[in-house]
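**Student:** Here's the letter readout for the chains.
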Amino acid sequence: MSALETVDVNTNYDVGEGAENQYLTFMLMGEEYGVDILRVQEIRCWQTVTTLPNAPVYVKGVVNIRGSIVPVVDLRMRFGMEEVEYTPVTVVIVVKVLNEEGRERVMGVVVDTVSDTYIIPEENMKPAPEFGDSIDLTCVKGLATVNDNMLILLDIDRLLNSDELTVLERG
Amino acid sequence: MTIDLSQFHAIFLEESFEGLQVMESSLLNMIEGETDVDIINNIFRAAHSIKGGSATFGFSNVAALTHVLETLLDEFRSDKRIVTKDLISLLLESVDCVRDMLSAIQDGGKYNESSAIEVQNKLQQVLTGEILSINNPDEAEEIESDVQGWRILFSPYPSMLQNGNDPFRIIREIQSLGSVKIEVDLEKLPILAELDPEDCYLSWEILLHAAVSKDEINEVFEWVIDDCDLKIEPIGSDVVIQDTDNEIIEEMLSTAANARDDVVKGDQESESLSRLSPEVKHKRTTNSGSIRVGIDKVDEMINMVSELVITQSMLGQLGEDFTMVDIEKLKEGLCQLERNTRELQESVMRIRMLPISFVFNRFPRMIRDLSNELGKQVELRLSGEQTEVDKTVMEKIGDPLIHLVRNSLDHGLEKPDIRVANGKPEIGILHLNAYHKGGSIIIEISDDGAGLDRDKIRNKAIQNGLIADDDILTDEKIYDLIFQAGFSTADQVSDVSGRGVGMDVVRKNIRELGGSIVIKSTPGEGSKITIHLPLTLAIMDGQLVRVGDEIYIIPLVSIIESLQIKPEKVKSITGKMELYKLREEYLNITRLYQLFTLTPDSEDINDGLLVVVEGDGAKVGLYVDELLGQQQVVIKSLETNYKHINGVSGATILGDGTVAMILDVPGLIAISKDRAENTVERVA
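Chains A and B, in that order, give the protein sequences. So the first sequence is numbered by the working numbering: it starts at 1 and just counts up by one. So the second sequence is numbered by the working numbering: it starts at 172 and just counts up by one.
Don't read these hints as lab results, they were simulated from the structure. Errors might be hidden in some of the hints.
What the hints assert, rightly or not - Listed next, the in silico BS3-like pairs over lysine-lysine satisfying Cα-Cα at most 27 Å (straight line):
id, chain 1, residue 1, chain 2, residue 2
1, A, K96, B, K699
2, B, K256, B, K281
3, A, K96, B, K293
What the hints assert, rightly or not - Distance windows between CB atoms, simulated:
id, chain 1, residue 1, chain 2, residue 2, range
4, A, P88, B, A639, 54 to 62 Å
5, A, N147, B, G490, 49 to 57 Å
6, B, Q803, A, N147, 52 to 60 Å
7, A, L98, B, R521, 33 to 41 Å
8, B, N474, A, M77, 51 to 59 Å
9, B, G800, A, M77, 33 to 41 Å
For glycine and all other residues, C-beta sits at the position ideal for the given N, C-alpha and C.
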């Protein structure tokens, strides 16, 4: 077996009331981002991917997750940040993404490290400042402050349903 | 106990659609002026079960229409009416109507009510309006008005009880129509020792004194009509039924019914149980479609599974205390395991396979309607209907085939007078053929019509700006043009074809299935369309090739040969396009690393290998770094979680757990053509 470490997130937490507002956070260039924990299927170590021909640069390739072919997106590159070498702590968060028609797809997201989980009530969430409509901002669901740190909460459906990832489906 | 009938709707619908199919194909076999009792019985049975089912489920519109249909069929059956072409058409029309109604029930949508009423009225008209003109005054229902009552001779077959029917229930129902006098005939009743409680030995003579129509009586006997001899005759007013008799009868009935109840109930129960279990199983799968599998196929599979279990336990034992001495045994065991797995896989695949006749059977009807509409005479020949195709392939190939057949009929075959003028027989021939060849299924549609008109296609293409007017094209290239979107040469846009949408969709659908389509045509002699389709969509034989660090899989069926490149055979055009002289042909060399922007081992053409592949009738040489092994691969969709990639038809998981892309050969050829055109343009 390769160095696969799978942590099933959903079973480690009490998915009950309030789970709606529970976020898994991860680090990206020193910034802390959060995604809805109910969308997280599992967290894996980085493993070599098979590249896809003529794909956007931030689509690293595809991996085999228990028989299904799952694309992996490098979030740093998705946001146009500086690239880094993958290390043993580089992880892939496998998330479920819904498109507008409600079709579910599974995707992997490469992040620097996984950080923590927080419960953030709706009222503590502040809207992101309106500042043009660069992709980085349209994908931000809101901001929150936890222990004096700013947390950027991401809307993964928007993030991973952008044109480059879906438009060719028709073709 | 109330039963939620809606749970059986899906099964009812599925069976009814099958019934309609039977009706349709039987109707098409009916010959004018002849009464083939077998065919009519077939249709009748199908109509009858649809009627029974729809009445049970409360779809009264369907029941009403099928009822009229049935009455008409009954007249054929009893030789009271002669089969005419018009009547067959009317019956076909009503089949369509019922289908429409049923699909409306299925999707919860609406059906064309006005046409349903029209058809029903037409049927009624035929039944009532013409009935007098046919010499059957004795059976005609006009007697009804002065009918005082009916004499019913009801003699159930011994098996009636076993079918879950209770004669007493029927008699009770007759009773509810009016006053009755019943006489039971005990003649056939054996002595007690010989009596089989599950057989019915009794028959009845019922005198019904009521002003009801014959239809109403027939309706009571609806369910048992196949299980008994029934004679219904009108009687005059001279029979008077006394009430005292009636009471006695009722008493008799209740005691007898009680006595028989247990037997009948038991029977009904076991009957309904045995019927239920397969239906329940059905139900779970109806939403995603279901397959009927022959029991032999299942048995075969069970055999294989048991063999697999044996192999597994053998290997297990071997592993308990393994020494190097056993290595031979282990190898042998693994061999066996491989064989078992492969056989099991094949038989599982076979379950998904259905004979292509499922698709072909639609055509006789379609041809019949279309040829009438277009004023052409066509003989449809089908062959290879038993060729088995994967269910998914079958579902997706249906519409393209219909389109192609329509096209052949509309554009290909000429009108009778033109055919005669060209020295051809009046009746055109359309031939559908299917067969297996290697790992694919080939479907051919050929006609002996006019063939494709080269010049017309060419002019049209120039007009539409698809080609320049000085382009020199081979016949194949020209025929290929008709697959372009928005291309139609029909002078007049007819209802049948000529809208210019279609052929491109046909090709797209076929490509999506991993197949290809080729047209061959001889002017004046006809054309032949050949469709290649993969045998199954789930597993295929692949050739693994390496380009740089990546491994790709080329479907084995599309590979013609692989060769080492001889430098002297590499030619080029304008220094950009590379060609390879293979025997008498020049092949375009497509460098895979260029298409997929990869870093190869070497860009020197002499270091790599050339894999000659064919798709959509075109051949190219794919330049790769290395050929690896051949293996069977399970096809996984990339689109489930990602999107379609040009030149890639899917992905698979290799033995080491990594993912490899499966190349889409026709798609690759198309990309490479585009690139070549762009390069040439840039040079020019």
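**Student:** Against each hint, give a clear statement of whether it holds in the structure.
**Tutor:** Evaluation of the provided hints:
For the hint pairing K96/A with K699/B, the CA-to-CA distance comes to about 48 Å; that exceeds 27 Å, so the pair is violated. As the CA atoms of K256/B and K281/B are separated by approximately 30 Å, the hinted pair breaks the 27 Å bound. A distance of roughly 57 Å separates the Cα atoms of K96/A and K293/B; the hinted pair therefore is violated under the 27 Å criterion. For the hinted restraint 54 to 62 Å between P88/A and A639/B, the CB-CB distance of approximately 59 Å keeps it satisfied.
At roughly 54 Å, the beta carbons of N147/A and G490/B sit within the given window of 49 to 57 Å. Between Q803/B and N147/A the beta carbons are some 55 Å apart, a value that agrees with the proposed interval 52 to 60 Å. Between L98/A and R521/B the C-beta distance comes to about 37 Å, which sits within the given range of 33 to 41 Å. Distance hint for N474/B and M77/A: a CB-CB separation of about 53 Å, consistent with the stated range 51 to 59 Å.
For G800/B and M77/A, the Cβ-Cβ distance of about 34 Å falls inside the hinted range of 33 to 41 Å, so the restraint holds.
Hint compliance for this structure: hints 1, 2, 3 are broken, all remaining hints hold.
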